[in-house]
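Residue numbers (the numbering used here), protein chains in the order written: chain G, 1 to 373; chain S, 374 to 519; chain Z, 520 to 723; chain V, 724 to 1061.
Since the hints were made in silico from the structure, they are not lab data. Warning: the hint list may mix true and false statements.
For each label pair, taking beta carbons as the anchor points, the in silico distance ranges come out as [as the list claims (entries may be wrong)]:
| no. | chain 1 | residue 1 | chain 2 | residue 2 | range |
| --- | --- | --- | --- | --- | --- |
| 1 | S | Lys444 | G | Pro211 | 52 to 58 Å |
| 2 | V | Ser1004 | S | Leu406 | 23 to 29 Å |
| 3 | V | Leu833 | S | Glu411 | 53 to 59 Å |
| 4 | V | Asn1034 | G | Pro211 | 16 to 22 Å |
| 5 | G | Arg186 | Z | Glu671 | 55 to 61 Å |
| 6 | Z | Glu527 | G | Lys183 | 49 to 55 Å |
| 7 | G | Glu256 | Z | Asn669 | 44 to 50 Å |
| 8 | V | Tyr1030 | G | Glu42 | 44 to 50 Å |
| 9 | S | Thr405 | Z | Tyr600 | 46 to 52 Å |
| 10 | G | Lys238 | Z | Asp621 | 24 to 30 Å |
| 11 | V | Pro990 | G | Gly37 | 52 to 58 Å |
| 12 | S | Ser501 | G | Glu208 | 47 to 53 Å |
Even glycine gets a Cβ: it sits at the ideal position worked out from N, Cα and C.
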Amino acid sequence: MNGTLQQDVNQETFTLNLGPQHPATHGVLRVKLVMDGEYIVEAEPVLGYIHRMHEKMGENRTWAKFLPNCGRMDYLSALSYNHGYVAAVERAAKIEVPERAEYIRVITVELNRISSHLLWFGAFVLDLGGFTPLLYAFDDREFILDLLESVTGSRLTYCYFRFGGVYNDIDDAFIAGTREFIKKQRKRMPMYDALVTKNIILIKRLKEIGPISKDMARRYGATGPVARGSGINYDVRKHEPYSVYPELDFDIPVYEEGDSMARYMVRMDEIEQSMRIIEQALDKLPEGEIKPKKAVKMVKPEKGDYYHAVEAARGSFGVRLVSDGKNQAYRLKLRSPTYSNLSLYGEATKGMLLPDALALMGSLDLVIPEIDR
Amino acid sequence: MSGYFKELISGTKSLFIGLGITGKYFFEPVVTLQYPHEHLEMTPRYRGHIELIPNEETGEPKCIACGMCQKGCPSGCIEVKGEKREGVKGKVVTKYILNFTTCSLCGQCVESCKFGALRFSKEYNLASPRKEDFIFDLIEKLKEKS
Amino acid sequence: MLLAKIKEALQSLYEDIGDAAEIPAAADAVAAAATAAAPEAETLPEEATPEGEESKEEEVEETAAADAPAAAPPGPKETDYAAKGYHLDVELKPEKIPAAADILYRENFFIESITGVDWIDEQQLEAVYDFNHFDELCRVVIRTRTDRNNPEVPTISHIYQGANWHERETHDFFGIKFSGHPNLEPLLLPEDADFHPLLKDFKA
Amino acid sequence: MPEWLRVILFIIFVLSFAGLNAAYLVWCERKGAGHIQRRIGPKEVGPFGLLQPLADGAKLMSKQLFLPKGVDPILFMVAPLMVMVPAIMSFCVIPFSETFVAREINLGLLMIFAFASVNVLGLLLGSWGSANKYALIAGARCVSQNVAYEIPMLITTITMVMVTNTMNLNEIVRSQAGWFIHWHIFRLDMSLLMPVSFLIFFVCSLAETNRAPFDMAEAESELIAGAYTEYPGMGFGVFFMGEYANIVIGCALTAILFLGGWQAPIPLNFGGFLGVLWGMSWFFLKLYALIFTVIWIRWTYPRTQFYELLNLSWKVLIPISLFNLILTALQIKIFPWL
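Hey, can you work out the whole structure from these sequences and the hints?
Set out below in structure tokens:
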């Protein structure tokens, strides 16, 4: 980079490598920027720095042995990925899931979603230069991690769901702790609101910055909070109900503006909605088994291909299975939401200033291992 | 024009509110745990590396070296060997090596153990610059413990 | 509603195919037989041994493959959503893909993903396109098969810009060339990668 | 005391003050940030982590002074000094107490502003000389930011000069003698917008010293470390010390202009050595209260966007400070008996 500076300044534009090690990319993502002063002429994300070929791993191991991989793609909402994968295999192999297990799945997934959104919130404000909200968010997130650790045994890369059920049952301490957490978090949200959301500096940095239109979201297949911030009322939990979501009453926050602020607000509102889901699920939690009556020994789905999507914290996570009737996948396609969400980055950042482009990148909520898989 | 002043005033107010919040937290007690000096008790379900459960009477491992854990491990990080001994039902485990460097703590070995001979330990203070330190001989570990 | 409409629109892409005896059409029939077999298998008692199931399926497939052109006229097939996870299964010839994408684009579908499947036994590569709709639940799967030794499918990245990356990914992993793609360089693999890891005969 | 001895003693005092101050402000900053974020901050080295700055300093000094490939060696090495030296020079005119001041210059205020302008040149040269694109962007930002914020700052200063009729800092402090209501910030009779002037001046000094939320020169989440990206070891260390020295200058100036400098809030004064101590302790109390506010602000807000920062200056601070200037002039002319 050093040697080329002299040549570059004589031109109209210069190229800037954002990453693969850069504080705002949250991991090893590189963005090739062509800049005119501080304006971005062209932005091209370069992926693959931590590509691990999970899909090939899926073809080389039995269905059950792929389970630990799920937690290692989107490590911030690992349970959503767990859920997506087991649900797809259950659909393919026609495994019945007891109701209690489904409720436990929903409760833990939603807790995981809150923890993911909290971390995003902190990291996003950190991208904008505010340090303190990150630590406050971590404080809250620790509470969730403790809860999830007490039931799943791990804090981040969960491997908790099993075909037809879950690994462990939840106990009264977990239920009480979750209720306490919700009570505490409800009191905490107005603080975030006053400290961050209503802060004039933050508003100025996010309002009308990085607009993503409805049409752009559709052309690029953006889902999750990115789509919902652009006025698209699409949430797999409502749109394509799975698990026990149809029995629970919750809203899908949708904002029409399409700017970074809208995406921010969607996620903040989703924390509240997730808490509502958890509360109802805890109330309705039925007694019973957490694993199918007949233990699932060998999973052998019928020949054919199957698709199952779930709403992960970052959007629609889909699993496409192609089975040839053996005890491992013939083809396992993992559709990760941020892959599609990031693909619009090049178009959306045209003509933008560098700090705004970073605000936009933060608002997309990227998890690089999930993009690279 | 009125919007200008409105924004100015509300904006300034929001800044002072923000200062108030962080100022309040300045005087509140810290929430962090001073890790090397203080320790947390792990929750009962905490997944550390696996360990063998001893037979309460003899102190020998309950494991009969059936190899189900080895078979069920996605990362192939378990190596079990056993031999037949006289007077003992089933096999006696002679070698149980866990390569913790590749273990992903998924719990499928514990789940697949029909004899209740495996459990997760509560150890988490594991750090070493050497890879070899994470290849555990679980039988040794069990002996050390008792 | 939407499903019927889109089915009808996509049906038009089949009309000028003509002779069903061509290779892609035959592959069509195999896939059709597989999907047709699925609901039938569903009714089987759960206790049925996997081996039995398998053999039965093979039987069905063989018979279906023999008289497929007569049994299943080409066209989009509705599938059982609860069992499969999608509503419409469309198998097209590669050159029809952009037209199909265009139809879906005009009906406000969004692109979910593009991927490939390596059918090494048949020496074919399959490209699978997943489309979904934001307002109404309607998942459409479009697939096309191409020769494994010279896999080529026209790009749809000019219709759905999001397809750009998906096509690059599919090219990375399977080597399917998306003709007309503006920038078909490795995306997830190293820049100089000349291997395609998801091919069944790829050994690291 | 002979003049030369006085100057030498003062240089020693200022240099050690600037060094220690930078070191311990970092400690304060980290502790303050820690407690705001509900953690402890440095605590391992020495009691309450008080020796942490020494450890940090030792680390910085022991690092290799490495010249990255392609840098302009002269500019690269000179730039940190160009930030540090003017800051230290400015200390010459700061009255720590009535008699404890190196040189009481009649144009002291002017001198500080003159030196403050050199600071930005240092940053610009450093960012240009380090031949790094991130640094270059930071340097460009830094210049336009400083230009924009010097205007409202100077306008506000002119208001204060009009009110006090002097540019001698010690005189300005003396004019605020008596109870604390005589401090300029409370003198609504001089100008109705005095508290607003104070705010404008404080905000401008934040921007001038590149402190959050206006830390465009560093902007670590956008520009890695901005102008300092390529600097190793003590090169960065000197920049750092200069930055903190500038914060002290900015806050000292705010304290002198608005908060009565070394004046105690009650009309109680001592002579001799006790008087020096008494004045100094009040001055430092005000100074560090302001510095704490600077730290507090940094750990509360996100960083402003660059054009918002310019907007704030051109659309808000300059019009208001101009209005304030006119208002003060009118007030002085129409109600001269006040």
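Hint-by-hint comparison with the structure:
1. The given range of 52 to 58 Å is respected by S:Lys444 and G:Pro211, whose C-beta atoms sit roughly 54 Å from each other.
2. Checked against the given bound of 23 to 29 Å, the beta carbons of V:Ser1004 and S:Leu406, roughly 38 Å apart, lie outside it.
3. For the hinted restraint 53 to 59 Å between V:Leu833 and S:Glu411, the CB-CB distance of approximately 56 Å keeps it satisfied.
4. Taking 16 to 22 Å as the suggested C-beta distance range, the pair V:Asn1034 and G:Pro211 conforms, at roughly 19 Å.
5. The hint said 55 to 61 Å for the Cβ distance between G:Arg186 and Z:Glu671, and at roughly 57 Å that hint holds.
6. A hinted range of 49 to 55 Å holds for the C-beta pair Z:Glu527 and G:Lys183, which are about 54 Å apart.
7. Restraint check, G:Glu256 to Z:Asn669: a C-beta distance of roughly 47 Å satisfies the suggested window 44 to 50 Å.
8. Between V:Tyr1030 and G:Glu42 the CB atoms are about 21 Å apart, so this pair departs from the stated range of 44 to 50 Å.
9. Between S:Thr405 and Z:Tyr600 the C-beta distance comes to about 50 Å, which sits within the given range of 46 to 52 Å.
10. At about 29 Å, the CB distance of G:Lys238 to Z:Asp621 agrees with the hint of 24 to 30 Å.
11. Take V:Pro990 and G:Gly37: their Cβ atoms lie about 56 Å apart, and the range 52 to 58 Å holds.
12. The beta-carbon spacing between S:Ser501 and G:Glu208, approximately 52 Å, falls within the hinted interval of 47 to 53 Å.
Hint violations for this structure: numbers 2 and 8, all remaining hints satisfied.
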